[in-house]
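All chains should be built: construct the whole structure from the sequences, respecting the hints.
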Amino acid sequence: MMLHLPDSDSLKAKRQVARSLADRIRNQFNVSVAEVEDHDLWQRLTLAICCVSNDSAHANEMVSKVVAFVEESRRDLELLDYQTEIISGV
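One point on numbering: in numbering that gives the first Met the number 0, the residue at position 59 of the sequence shown is 58, and numbering is uninterrupted.
These aren't lab readings, by the way, just hints derived from the structure by calculation. None of the values given here were measured: they were computed from a predicted structure. By construction, the Cβ of each residue, glycine as well, lies at the ideal position given by its N, Cα and C atoms. Hints should not be assumed to be uniformly reliable.
As the list claims (entries may be wrong) - Label pairs and their in silico Cβ distance ranges:
1) SER19 / LEU40: 15 to 23 Å
2) ARG14 / SER72: 15 to 23 Å
3) ALA12 / SER55: 31 to 39 Å
4) HIS57 / LYS11: 33 to 41 Å
5) LEU10 / ILE86: 30 to 38 Å
6) SER9 / ASN59: 31 to 39 Å
7) ALA12 / PHE68: 20 to 28 Å
8) SER9 / SER55: 36 to 44 Å
9) ARG14 / SER87: 32 to 40 Å
10) LEU79 / SER31: 17 to 25 Å
11) LYS64 / SER87: 14 to 22 Å
12) ARG14 / HIS57: 30 to 38 Å
Encoded structure:
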């Protein structure tokens with residue numbers, strides 16, 4: 000999930016937003032969240048969200064809910080892009 004932080008004016012401000020958002024996502028959806036790219040860009044935040052499930056439809060639903068949650072709860076952030084990848088052991 001790639002986000003634009005138009006109000007961020009420093010890496011410290013970006014880290015505060017990243018930490019707060021990741022904690023809220025983890026608590027709300029019981030998924031793993033990590034910042035994976037753009038560590039030195041203070042107005043761009045790229046998060047990876049991981050959901051483990053035995054049903055790909057459930058995993059897709061969880062990711063969609065996380066994206067909707069971010070869009071609805073953080074109006075100060077702009078969702079630039081997100082990608083979904085399903086890895087199946089079967």
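Violated hints, by number in ascending order, as checked against the structure: Nothing - there is no hint that the structure violates, so all of them hold.
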